[in-house]
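Enquirer: This is what each chain is made of:
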Amino acid sequence: MKQELINARKQILETSFISQAGHIPSAFSILEILFVLYKETMNFKDDVFILSKGHGCLALYVTFYEMGIISEEDFHSFCSYESKLGGHPHCKKLKEIFASTGSLGHGLPIAIGAALSKKIEKKPGRVFCLIGDGESNEGTIWESALLAKNLQLDNLVCIIDNNKSQIRSLPVNSIRKKFHAFDWTVIEVQDGHNTEQIFEALKNTQHSELSPFCILCNTIKGKGIKEMEDNMFAWHHGPPDETMYSKFCVELDEKSIC
Amino acid sequence: MRKAFAKIVIGLARKDPKLVVLIGDISHYLFKDFEKEFPDRFYNIGICEQTMVSVAAGLAINGMRPIIHTIAPFCVERAYEQIKIDLCYQDLDVTMVSVGGSFDYAHLGCTHHCYEDISILRPLPNMQIYAPGSDKEFEDLFSKSWANASPKYFKLIKDTHTQNINTMPGECVMVNHAPSEYRKRIGEGTSLDQVAVFVNGHLLDAVLDCGNSLEHNIVYMPTIKPLTLKSKEKIKQVFKQTPRVLVVEENSIIGGLADEISHLASLSEQPILLKKIGIPDKFLEEYGKAPEHRLALGLTAKHIGEKIAKLQKLPL
Chain A
620 MKQELINARK QILETSFISQ AGHIPSAFSI LEILFVLYKE TMNFKDDVFI LSKGHGCLAL
680 YVTFYEMGII SEEDFHSFCS YESKLGGHPH CKKLKEIFAS TGSLGHGLPI AIGAALSKKI
740 EKKPGRVFCL IGDGESNEGT IWESALLAKN LQLDNLVCII DNNKSQIRSL PVNSIRKKFH
800 AFDWTVIEVQ DGHNTEQIFE ALKNTQHSEL SPFCILCNTI KGKGIKEMED NMFAWHHGPP
860 DETMYSKFCV ELDEKSIC
Chain G
205 MRKAFAKIVI GLARKDPKLV VLIGDISHYL FKDFEKEFPD RFYNIGICEQ TMVSVAAGLA
265 INGMRPIIHT IAPFCVERAY EQIKIDLCYQ DLDVTMVSVG GSFDYAHLGC THHCYEDISI
325 LRPLPNMQIY APGSDKEFED LFSKSWANAS PKYFKLIKDT HTQNINTMPG ECVMVNHAPS
385 EYRKRIGEGT SLDQVAVFVN GHLLDAVLDC GNSLEHNIVY MPTIKPLTLK SKEKIKQVFK
445 QTPRVLVVEE NSIIGGLADE ISHLASLSEQ PILLKKIGIP DKFLEEYGKA PEHRLALGLT
505 AKHIGEKIAK LQKLPL
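Protein sequence lines correspond, in order, to chains A and G. Residues in the first sequence are numbered from 620 upward in steps of one, following the working numbering. Residues in the second sequence are numbered from 205 upward in steps of one, following the working numbering.
Note that these hints are calculated values from the structure, not bench results. Hints are supplied without guarantee of correctness; some may be wrong.
Stated by the list, open to error - Each pair of labels, with its calculated beta carbon distance range:
| # | chain 1 | residue 1 | chain 2 | residue 2 | range |
| --- | --- | --- | --- | --- | --- |
| 1 | A | Arg787 | G | Glu437 | 52 to 60 Å |
| 2 | G | Pro329 | A | Pro743 | 29 to 37 Å |
| 3 | A | Pro743 | G | Asp220 | 43 to 51 Å |
| 4 | G | Lys211 | A | Glu740 | 24 to 32 Å |
| 5 | G | Cys314 | A | Ile786 | 53 to 61 Å |
| 6 | A | Ser788 | G | Ile251 | 33 to 41 Å |
| 7 | A | His856 | G | Asn352 | 38 to 46 Å |
| 8 | G | Glu239 | A | Leu789 | 23 to 31 Å |
| 9 | G | Asp229 | A | Asn626 | 47 to 55 Å |
Unchecked claim - Result set (DSBU-like, lysine-lysine): computed pairs, CA atoms no more than 35 Å apart in a straight line:
| # | chain 1 | residue 1 | chain 2 | residue 2 |
| --- | --- | --- | --- | --- |
| 10 | A | Lys741 | G | Lys240 |
| 11 | G | Lys362 | A | Lys711 |
| 12 | G | Lys362 | G | Lys506 |
| 13 | A | Lys822 | G | Lys362 |
Don't be surprised by glycine CBs; every beta carbon is placed ideally from N, CA and C.
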């Protein structure tokens, strides 16, 4: 694991420990995707990003922190009363947050609207939207899958964090086939924690035949911490205590030595 | 008002390149001229109202000014959470225009009724709610609130009233068709046996036709929310002068105009006697036509007159 991604995970753990809040495994699941998007892919003048699975926001906030968009003080204020950074992102708190999310299934149709406005006004740039496999239980995801193709939105890129967290209730299997059946251009990233693979997939979203893109990233919920990977449901929304926090940091440091 | 809506939107679109129309697979014919003139600003999104509301939010975040148009229950009730979060929480300039409420599609049954739209939209912060009663009023409210950077809801009922009302968004209108004659008859000053009747939409005609309307203050309320401070002050004066109050609306008696007025009354420091005529807490399971429902519900001049007469006799 790259040092910057280990550091980011430790920063997320620290912030979650301080605030005693946050969905850590969801953030660890999408961290590499966000780093590649923000640091290597997006053109901030024209491109926008929507974190439709808003509960993974610690990954977004740590990316903002790494990029100097927010201060350490801001980051550590996570979930406190007057913080800019709530448990779900809110666009009125920080201009870099394009849309307020938290209720699942809203971000993708909002992304369609944003992509459509670019088409109407003939403006450049792409709209990236990150959804989860669990979120894909929502009907609006499939309404959007139908609509985005009908509107020929080739400037829309829907990234799916396929961490299989929905296996305990309503699994969304064969996602590749499903989006393919909706006539999207689907690119699968076998290892959604491999930054090179993610980068390559996103690079291939610049030209299309009037269809939106689905980047299917196979990820691991809680990636980097064995305890979380093995017990993703127990850790879904639970901050670490002091002992666990120290233990997890040691585990991440060992990955650094490797 | 539906035709007036399509006409006004074409006029506005010529002036505002940010205007875009999204329809939920209704009114295609009505918007054929719009589509012809602005093909890249007209989208029949399909039968997916929740998605349509969120798409409008995405358009608005990027600076467009979308109008969403479909049948009231599908637009408001099915997509309520999208309205709450995507439009109101983010405070976006999106205009919703519904048709079919409250029971214009009476023959289609309860699935197509919507007499709770105003009730459930009222508690949403940032939401502006308008219930115009004529083409002119719709044009005034729609054009003058256009591009005001807030989410807005316009409820278009098929029936209209016949009065010539001048209104602005946020304003209530005092309707008293012969105030000087009336004052001459009863003398200046307060008369506690009067009733203040608050009403909106086509029911204004029923109120004016109730037999003794000259004796009452009629406050016409095409804007339900938000009211200007000036209008709130006017209403406060009405309460002072006329503490017997009747609210008449074609909406559920829960949460609509009557609740807005009773909220304003609750801010008053004097006793106010408030009664309401509206749609009771039940499904209207009969079919037929809208006037038949109005007759059954007492949304008629005759019933309004009787209610006023009773109210006048009640002790304060």
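Enquirer: Determine for every hint whether it applies to the structure shown.
Expert: These are the hints, each one checked on the structure:
{"no.": "1", "hint": "A:Arg787 <-> G:Glu437: 52 to 60 Å", "verdict": "holds (58 Å)"}
{"no.": "2", "hint": "G:Pro329 <-> A:Pro743: 29 to 37 Å", "verdict": "holds (35 Å)"}
{"no.": "3", "hint": "A:Pro743 <-> G:Asp220: 43 to 51 Å", "verdict": "violated (23 Å)"}
{"no.": "4", "hint": "G:Lys211 <-> A:Glu740: 24 to 32 Å", "verdict": "holds (25 Å)"}
{"no.": "5", "hint": "G:Cys314 <-> A:Ile786: 53 to 61 Å", "verdict": "violated (39 Å)"}
{"no.": "6", "hint": "A:Ser788 <-> G:Ile251: 33 to 41 Å", "verdict": "violated (27 Å)"}
{"no.": "7", "hint": "A:His856 <-> G:Asn352: 38 to 46 Å", "verdict": "holds (39 Å)"}
{"no.": "8", "hint": "G:Glu239 <-> A:Leu789: 23 to 31 Å", "verdict": "violated (39 Å)"}
{"no.": "9", "hint": "G:Asp229 <-> A:Asn626: 47 to 55 Å", "verdict": "holds (51 Å)"}
{"no.": "10", "hint": "A:Lys741 <-> G:Lys240", "verdict": "holds (19 Å)"}
{"no.": "11", "hint": "G:Lys362 <-> A:Lys711", "verdict": "violated (38 Å)"}
{"no.": "12", "hint": "G:Lys362 <-> G:Lys506", "verdict": "holds (21 Å)"}
{"no.": "13", "hint": "A:Lys822 <-> G:Lys362", "verdict": "violated (53 Å)"}
Hints 3, 5, 6, 8, 11 and 13, counting from the list given before, are not met by this structure.
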